[in-house]
Every structure is written in C-alpha cells, then in structure tokens.
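Trainee: Using the sequences plus the hints, can you model the full thing?
Residue strings, one per chain:
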Amino acid sequence: MFQDLSEKLEVVIKKLKGHGKLSEKNISDSLKEVRRVLLEADVNFKVAKAFIASVQEQALGKKVLRSITPGQQIVKIIHDELSKLMGEKEATLNVTGALPTVIMLTGLQGSGKTTLAGKLGLYFKDRGHKPVLAAADIYRPAAVKQLEIVGEQIGVPVIHEDSKSAAKICLKAMDYCRKHGSDLVIFDTAGRLHIDGTLMNELLEIKKKTQPHEILFVADSMTGQDAVNTAKEFLNWLDFDGVVLTKMDGDARGGAALSIRTVTEKPIKFISTGEKFDALEKFHPERMASRILGMGDVVTLVEKAQQAVDQEQAEKLEKKLRRQQFTLKDFYDQLQQIKKMGPLDQLMGMIPGAQKGMMKGMQLDDTAFVGVEAIINSMTPGERQRPQIIDGSRRRRIAKGSGKSVQDVNQLLKQFKMMQKMMKNVNKIGLKGLPIGF
Amino acid sequence: MISKLKQKLSRTREGIVGKVKASVSSRKEINEDLYEELEEILISGDLGVDLSLNMIEEIREKVTDLGVKKPENIIKFFKSAMLKTLDGESSKVQPKINDSYFSPGIKPYVIMVVGVNGTGKTTTIGKLAAHFCRHNKKVLLSAADTFRAAASEQLEIWAKRAGVDIIRNQPGADPAAVAFDSLQAATSRDVDVLIVDTAGRLHTKSNLMEELKKIHRVLGKVIPEAPHETLLVLDATTGQNGLNQAKQFTQAVGVNGIVLTKLDGTAKGGIVLSISNELGLPVKFIGVGEQVDDLESFDSTEFIEALFQ
Chain Z
1 MFQDLSEKLE
11 VVIKKLKGHG
21 KLSEKNISDS
31 LKEVRRVLLE
41 ADVNFKVAKA
51 FIASVQEQAL
61 GKKVLRSITP
71 GQQIVKIIHD
81 ELSKLMGEKE
91 ATLNVTGALP
101 TVIMLTGLQG
111 SGKTTLAGKL
121 GLYFKDRGHK
131 PVLAAADIYR
141 PAAVKQLEIV
151 GEQIGVPVIH
161 EDSKSAAKIC
171 LKAMDYCRKH
181 GSDLVIFDTA
191 GRLHIDGTLM
201 NELLEIKKKT
211 QPHEILFVAD
221 SMTGQDAVNT
231 AKEFLNWLDF
241 DGVVLTKMDG
251 DARGGAALSI
261 RTVTEKPIKF
271 ISTGEKFDAL
281 EKFHPERMAS
291 RILGMGDVVT
301 LVEKAQQAVD
311 QEQAEKLEKK
321 LRRQQFTLKD
331 FYDQLQQIKK
341 MGPLDQLMGM
351 IPGAQKGMMK
361 GMQLDDTAFV
371 GVEAIINSMT
381 PGERQRPQII
391 DGSRRRRIAK
401 GSGKSVQDVN
411 QLLKQFKMMQ
421 KMMKNVNKIG
431 LKGLPIGF
Chain D
1 MISKLKQKLS
11 RTREGIVGKV
21 KASVSSRKEI
31 NEDLYEELEE
41 ILISGDLGVD
51 LSLNMIEEIR
61 EKVTDLGVKK
71 PENIIKFFKS
81 AMLKTLDGES
91 SKVQPKINDS
101 YFSPGIKPYV
111 IMVVGVNGTG
121 KTTTIGKLAA
131 HFCRHNKKVL
141 LSAADTFRAA
151 ASEQLEIWAK
161 RAGVDIIRNQ
171 PGADPAAVAF
181 DSLQAATSRD
191 VDVLIVDTAG
201 RLHTKSNLME
211 ELKKIHRVLG
221 KVIPEAPHET
231 LLVLDATTGQ
241 NGLNQAKQFT
251 QAVGVNGIVL
261 TKLDGTAKGG
271 IVLSISNELG
281 LPVKFIGVGE
291 QVDDLESFDS
301 TEFIEALFQ
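Protein sequence lines, in the order shown, are assigned to chains Z and D. Quick note on numbering: this note's numbering labels position 435 of the first sequence as 435, and the sequence is numbered without any gaps. Quick note on numbering: this note's numbering labels position 70 of the second sequence as 70, and the sequence is numbered without any gaps.
Keep in mind that the hints are not guaranteed to be accurate.
Claimed, not checked - As a list, the in silico DMTMM-like pairs of lysine to aspartate or glutamate whose alpha-carbon atoms are at most 20 angstroms apart:
| id | chain 1 | residue 1 | chain 2 | residue 2 |
| --- | --- | --- | --- | --- |
| 1 | Z | K32 | D | E40 |
| 2 | Z | K164 | Z | D126 |
| 3 | D | K205 | Z | D251 |
Claimed, not checked - These stretches of chain Z come out as covered by chain D in the derived footprint (C-beta under 8 angstroms, 3 or more residues):
| id | stretch |
| --- | --- |
| 4 | 106-112 |
| 5 | 214-224 |
If you're looking for bench data, these hints aren't it; they were derived computationally from the structure. Glycine is no exception: its CB is placed at the ideal position from the N, C-alpha and C atoms.
Mentor: Dropping the structure here:
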C-alpha cells in the first residue's frame with residue numbers, strides 16, 4: 001500500500017537531506033519533484049497544486065533556511081502537510097445506543113461494497129455487537145446471493161426480500177433488528193454512477209426513510225483523477241459521513257485517498273487491505289503519513305502484535321529468553337503468531353527503515369514460512385528442544401521428511417543458532433518494554 | 001453507431017476534449033498559460049505525467065514549426081497526437097464482433113477474461129456472449145471464478161439472458177479444473193466460442209497470479225493455441241495504477257487486448273492512452289452501460305472523432 005508513492009518520495013527526500021544548506025532554488029526544484037510524484041500517484045491535480053504551494057510557503061520561511069538541518073525540517077513539513085491532507089485526527093464510526101445503529105454503504109460499481117459489508121459485519125461482531133446485513137442491491141445479478149454467502153461465512157444474518165424497493169428492504173432489516181435484539185444494521189446498496197439521477201434518488205429515499213447514523217462512501221484506491229468528482233457528487237446527493245478506501249493491498253499509490261478527504265472534507269474511516277474478512281483497518285492519518293514517507297508505523301505494528309500474541313505465552317517466552325532456553329519449538333510458535341498478525345509484506349511496511357529497497361525481489365507472501373515449518377514439523381520433540389543433537393543422519397531424515405534439501409535444514413539450524421546468539425546480546429541490553437519477537 | 005457512442009461518451013467528451021476546446025476558445029493567442037492549462041487537463045484526464053508532458057511538447061513543436069498563431073488550430077494537433085498514441089504509427093481498426101472476428105477454422109475460439117477485482121469482468125462476458133449469439137455463434141461460458149461468493153450464480157444469470165450454456169462447479173473448486181472441463185465440453189459440443197471468467201485478483205498477489213497462469217496453461221493442454229485471446233478488463237476510472245495492472249497481467253498470461261468498462265460515467269479512460277503508449281496493447285471493446293447491448297467494438301478513429309464532435 002502506498003508503496004510506489006513512498007519509494008519515490010524517499011528518493012526526493014534523500015536528496016533534500018543531503019544538502020547542508022538549502023537555497024530557494026533547491027527547495028523549489030525538490031518540490032517540483034514532489035509534485036510530479038504526487039501526480040503520478042493519482043493525487044488530484046488541484047490538490048497537488050495546493051499541497052505544494054502550502055509546503056513551499058512554509059519551507060521558504062526563515063526558520064527552515066536558518067536551521068542546521070533544513071532538509072529534515074522540510075521533510076517534517078511534508079509529513080505534517082500529508083497528515084493534514086488525510087485528516088489529522090482519526091475518525092470513528094458513529095455507533096450510537098440506538099436500536100439499531102444504521103450504517104449505509106454507497107459507491108460506484110465494483111468499489112467493493114458487498115465485501116466491505118462482510119468485513120464491517122465481522123468487525124462489529126468481534127466487538128460484541130449483533131450486526132445484521134441488508135441486501136439492498138436489487139439490480140446486480142446474484143448480488144443478494146453473494147451477500148447471503150458472505151453473511152453465512154461470517155455468521156451474521158442477512159435480510160433480503162424479493163422487492164422492487166431497496167428502501168423497503170432496509171426498513172425490513174431495521175424491523176428485524178428490533179424484533180431480534182440486533183443493535184446494528186449494514187445496508188449493502190447497489191453500485192451506481194453519480195450521474196444516474198434515478199438511482200441516486202433511490203439512495204436519497206433510503207436515507208430519508210431510515211435516517212442512517214453513518215453513510216459511508218466506498219472508494220476504490222486505484223481510482224484516478226476522477227475520484228474527487230465522484231466523491232463530490234455523492235456528497236452533494238447524500239452528504240455522507242465518511243469514506244472507506246478499498247483494495248489498499250495492491251500497489252496503488254493511493255493518491256485518490258489523499259484527494260477525496262481534501263475535496264469532501266469528510267474523514268477516511270477505514271481502509272480495506274485484503275481478501276479475507278478480517279482485512280479491515282481503522283485509518284490513522286498520522287501513521288499513514290509516516291508510512292508514506294517510509295518512516296514506518298510502529299504503533300500499528302505493536303497493536304497488531306498485541307492482538308495476535310497470547311499474553312501468557314509471551315510472558316513465558318520472555319522468561320525463556322532471559323534464561324536462554326529459547327528452543328526451536330518456541331521459534332515455531334513465534335512464527336505462528338507472526339502469521340496471525342497479517343500478511344508479511346504489509347508488516348514489513350510498518351517497520352521503520354525496512355523499506356522496500358531492502359526487500360526488493362523478495363516474495364513476502366505467507367508461503368515464505370512453509371518450508372521452515374515443514375522442517376521443524378519433521379523433527380522429533382527432543383530435537384526441537386535440543387537442536388545440538390541433530391547430527392548428519394538426523395539431518396538427512398529431517399530433509400526427507402520435510403521434502404527439503406539437507407542444505408535447507410543446515411541453513412535453518414545455522415540461522416537459529418545465530419538467533420540464539422542475538423538473543424544473548426539483547427538480554428545484555430535488556431528486553432523490557434519490547435514486544436516479544438521484535 | 002457513431003451517434004450512440006457519441007451520446008454515451010458525452011461525459012467523457014465533456015472531460016478532456018470539452019475542456020481543451022473551452023480553454024482554446026477563450027484565448028486570443030497561444031502562450032505559456034494555455035500550455036499550462038492543457039497540461040492540467042491532460043493530467044486530470046489520467047493520461048499520466050509523462051505522456052501529458054510529451055504530448056504538450058509535441059504540440060508545442062508543431063506550433064513553432066508551422067507558425068500557428070490561432071489557438072483553435074491546436075485542436076487538430078491534439079486529435080492527431082491522441083490518435084497516434086492509441087494506434088502507434090499506423091491506424092488500427094479493431095475487429096468488430098461479427099463473423100470476421102474469428103480466424104476461419106479456429107473452433108472453439110477460446111477467450112480468457114482477466115482483471116483486478118470489481119472492474120466488470122462478469123458483466124463484460126455476459127455482453128460478449130449476447131453479441132456473439134446475435135451473430136449466430138454457439139457460445140459456452142466457463143465459470144472459473146470459484147472464489148468470490150455467488151460469482152458463478154451471477155454468470156449463470158447472464159448466461160440465461162444471453163441464452164447460452166454455462167459450465168460451473170462447486171464454490172472453492174480448482175478454477176483450472178473448471179476451465180479444463182469447459183474446454184473439453186466446448187470441443188465435444190461443437191461450440192464456436194468459449195469465454196472463461198476468472199476471479200478478480202490484484203496483480204501484486206503472486207500466488208493468485210500463479211493460479212491464473214495455471215488456468216492459462218491448462219487451457220493450452222487441451223488445445224495448444226488456447227486461449228486464442230486474453231482480454232484484460234480495465235475500469236475507466238482507474239488511475240496510473242492501470243499501467244501496473246496491464247504490465248503484470250501481460251507478463252503473467254500474455255494479455256492481447258483491453259476491454260475498457262464503465263465509460264458511461266464521468267471517467268475519461270485516459271489511462272488507456274498511457275497503456276497504448278507504453279505497452280502497445282489495443283483496446284478491443286468498451287463498456288458503456290449496464291444493458292446487455294452496452295458494449296461496442298473499439299475503433300480509435302471513431303472514438304477520437306466521437307470525442308471531438
């Protein structure tokens with residue numbers, strides 16, 4: 001996500017930081033580069049223009065030019081402006097005590113509303129709510145069926161009806177909530193073009209009749225310059241409350257993301273980052289700005305670790321580390337926990353300094369662990385406890401059992417030994433406060 | 001046909017060309033301001049920074065070389081620059097969906113349809129099937145999207161609308177197996193065209209792209225030349241990421257044509273100029289609505305004419 005954008009900005013920033021002193025010309029040349037990077041990332045033309053103007057104005061201020069590290073000052077300005085562009089403060093969903101809270105999803109065709117309905121459903125279910133999905137897409141073939149299957153997969157009821165009125169279906173779903181004690185309903189509406197008056201009126205009718213607490217505009221992060229026009233039109237019709245960006249796990253540069261927020265002044269509330277139903281993240285403008293500039297996002301990483309890591313197990317592990325009893329079995333458990341945290345390439349993007357340059361050419365999907373797992377699985381419990389007993393003949397057996405070569409087994413054992421050594425060093429420095437595994 | 005296309009593309013026309021015209025006619029002379037405004041229009045039309053700057057440069061050269069003074073004369077330079085980008089040096093007319101679409105003797109003609117999520121693959125296949133049917137071709141659809149919930153149901157509804165048969169399997173089945181079965185069925189049922197639907201996937205997911213390659217490979221096992229055509233479905237609202245999509249899909253399964261969908265919105269589809277420019281991939285069809293006949297063969301001259309009328 002935002003990969004290309006951050007890679008390219010990094011190059012510009014490196015140049016900026018390299019200068020001991022900055023002249024006005026240095027600055028405006030660099031900012032021209034930044035403008036180009038933004039435009040190539042699909043940031044709206046006008047938004048990019050305003051962005052550059054604002055950075056330039058601040059950068060030419062005396063404070064920056066006189067500072068000892070002018071380059072870094074400018075990077076800071078860019079960072080601040082970026083997070084301003086994305087909305088500064090994070091926004092939450094307006095979940096009220098109402099019975100039910102009504103969330104309405106709208107957007108163009110193919111932006112990912114139905115999938116998002118499932119993700120939001122699971123999100124709220126996991127947080128103790130009793131959500132219901134309403135199949136209000138009465139046009140697209142098999143849309144209802146799709147939502148039904150989604151509902152089944154996440155274990156959330158789906159309300160539908162063979163009706164020509166989408167609003168009626170929504171009302172029925174609200175009725176269902178009241179009768180069954182469900183506290184939240186999500187409307188999946190049909191995708192439509194913002195220039196289609198009839199269909200936009202249908203949305204308006206749903207809005208009037210159901211008074212949603214939250215109307216979300218669902219936008220594809222791969223959209224180009226037209227994103228702002230679409231968003232503006234939807235805003236004019238519906239005055240939506242927030243934006244959700246989908247398909248953020250691709251290599252889209254996400255410029256539309258930056259522009260929509262600026263043009264509509266509505267916050268981005270969630271980003272959707274994968275095919276699985278739990279691939280939904282709250283949007284944090286500040287953190288995202290850091291990620292774009294390649295500064296990493298440690299906060300999100302730690303949060304993800306906290307979610308995935310079993311606290312008790314972590315404490316046990318910490319003790320083991322202190323006593324230097326870290327075994328291959330523990331290593332294996334660690335791998336499982338890291339896998340729970342999400343796709344590896346996304347995690348890497350959050351580590352400061354671990355930018356893509358370092359990772360170029362590496363395929364970081366979850367299959368990266370498969371070989372390692374197979375090797376460890378082919379060991380006896382005793383071998384996992386005390387890897388030093390693994391001799392040549394055992395190595396051959398393990399290699400055969402795991403379908404890997406003896407060299408692979410050797411490499412893993414070597415890496416593990418190095419890891420143990422590293423742990424020793426970390427122990428000396430002290431481990432307190434570090435989440436296990438990092 | 002032109003007038004319908006013109007009407008459907010009215011939004012697009014109001015986009016790039018309308019703005020160029022407005023900008024040009026509001027001026028008395030050609031100056032830097034005008035060029036800057038043109039640059040903004042092109043970039044806002046998703047043509048990308050490089051292509052936009054190149055085009056402006058080309059126009060600028062022509063203006064100096066020919067000593068053009070009147071701003072409105074710029075429009076025809078624009079036309080030819082856009083046409084050249086779409087076609088390369090020679091003018092290419094994409095085959096219409098009729099008898100001459102297929103080389104004689106290829107039967108079944110296999111079309112594989114690929115793209116990222118939500119671009120309109122299934123809808124496009126429905127429209128294609130209906131068109132081929134109208135030209136008295138026997139069409140078979142293959143529901144090789146076994147991943148997305150209700151994808152095969154959606155394709156089945158389109159199959160019914162078009163009045164064609166469909167081969168499907170259980171959700172979660174191996175898509176390559178579905179494709180294989182479909183092609184075998186197509187051969188034994190004496191079908192003219194087989195269209196294979198695939199699940200939408202982001203071009204950055206290597207495992208999913210491998211799966212796509214496998215489908216492609218398996219088709220080739222039944223008939224060595226199959227698929228005879230691999231179409232990439234591209235959403236007209238896509239920005240510069242479209243170029244990456246085209247590159248990655250071409251690398252994986254050898255895309256040889258683009259279907260540009262959702263052109264009835266305000267999107268300008270400028271990204272196809274970028275793609276033509278860089279990869280030389282032709283646009284074969286455009287989708288301009290949700291009805292079964294809202295699909296047109298793409299003809300670059302007609303397309304640009306429609307834009308400028």
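Trainee: Take the hints in turn and mark each one as holding or not.
Mentor: Results for each hint:
1. Z/K32 / D/E40: Since the Cα atoms of Z/K32 and D/E40 sit roughly 15 angstroms apart, the hinted pair holds (cutoff 20 angstroms).
2. Z/K164 / Z/D126: Measuring from Cα to Cα gives roughly 33 angstroms; hence the hint is violated.
3. D/K205 / Z/D251: holds, 10 angstroms
4. 106-112: holds (count 5)
5. 214-224: Since 4 is at least three, the answer is holds.
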